[in-house]
Amino acid sequence: MIYNICRALLRGIYKILFRLEAKGLENIPSSGGVLLCSNHISLLDPPTIGILLDRKVHFMAKKELFDIVGFGWLIRQLGAFPVKRGGVSKESIKTSLLLLREGHVMGIFPEGTRHKGDDGGEGKKGAATFALRSDATVIPVAIIGNYKLFRKTRVVYGTPVDLEAFKELKGAEAAEQATEKIMSQISELRKLG
20 MIYNICRALL RGIYKILFRL EAKGLENIPS SGGVLLCSNH ISLLDPPTIG
70 ILLDRKVHFM AKKELFDIVG FGWLIRQLGA FPVKRGGVSK ESIKTSLLLL
120 REGHVMGIFP EGTRHKGDDG GEGKKGAATF ALRSDATVIP VAIIGNYKLF
170 RKTRVVYGTP VDLEAFKELK GAEAAEQATE KIMSQISELR KLG
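FYI, the numbering for the sequence shown is 20 to 212, going by the working numbering.
Don't read these hints as lab results, they were simulated from the structure.
The structure presented is a predicted model; accordingly, all values stated were derived computationally and were not measured.
Take every hint as true, because none was put in to throw you off.
With a Cα cut of at most 20 Å, we get these calculated EDC-like pairs of lysine to aspartate or glutamate:
1) Lys82 x Asp64
2) Lys144 x Glu192
3) Lys75 x Asp64
4) Lys75 x Asp154
5) Lys200 x Glu141
6) Lys210 x Asp64
7) Lys210 x Glu199
8) Lys143 x Glu207
9) Lys143 x Glu130
10) Lys143 x Glu195
11) Lys143 x Asp181
DEER-style ranges, computed between Cβ atoms:
12) Leu62 x Gly89: 15 to 21 Å
13) Ser61 x Ile24: 22 to 28 Å
14) Gln196 x Arg30: 35 to 41 Å
15) Trp92 x Glu141: 30 to 36 Å
16) Glu199 x Gly43: 17 to 23 Å
17) Leu62 x Glu110: 19 to 25 Å
18) Glu187 x Ala27: 39 to 45 Å
Quick reminder that beta carbons are idealized off the backbone N, C-alpha and C, glycines included.
Let the sequences and hints guide you as you build the complete structure.
Following this line, the structure appears as structure tokens:
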């Protein structure tokens, strides 16, 4: 209920302030585990990639945010779950895999931190590891624009990333190659934008 209300409010606000548009929403499956892998340019990115979808999107958020009275409760209602700074805890890994295996949608920024440059940052292996271990559908996402007031910001949802070939590989090699493929598809979407 709270999620739906906040999503509706933010849709309106983002459409007015940032002229938010989406392309490729049809690429997101209506059921099953989905991992949205996006470039990361601003603190505004999590709502940007989630509010235009009809499905609830879950995100990791730094543990300290959950200690803020009222705010911690609110972001839990909005689908966030805690992660320790400086690394992903076993608990957040378990939560991520459980969400994906139960058929939920999770958003993640493979770069791990914000990058404003055209090329973005180098991807970390977490997103690929979650995808390979959960069999979730991986959707590359590109946020194009820079949240200037009353100027267009676009979100492009690409076609699913095929990771089948990497499932035969073992451990770090599989995650590394899958990460490269995910990052390359995000980069392509940014160029085509």
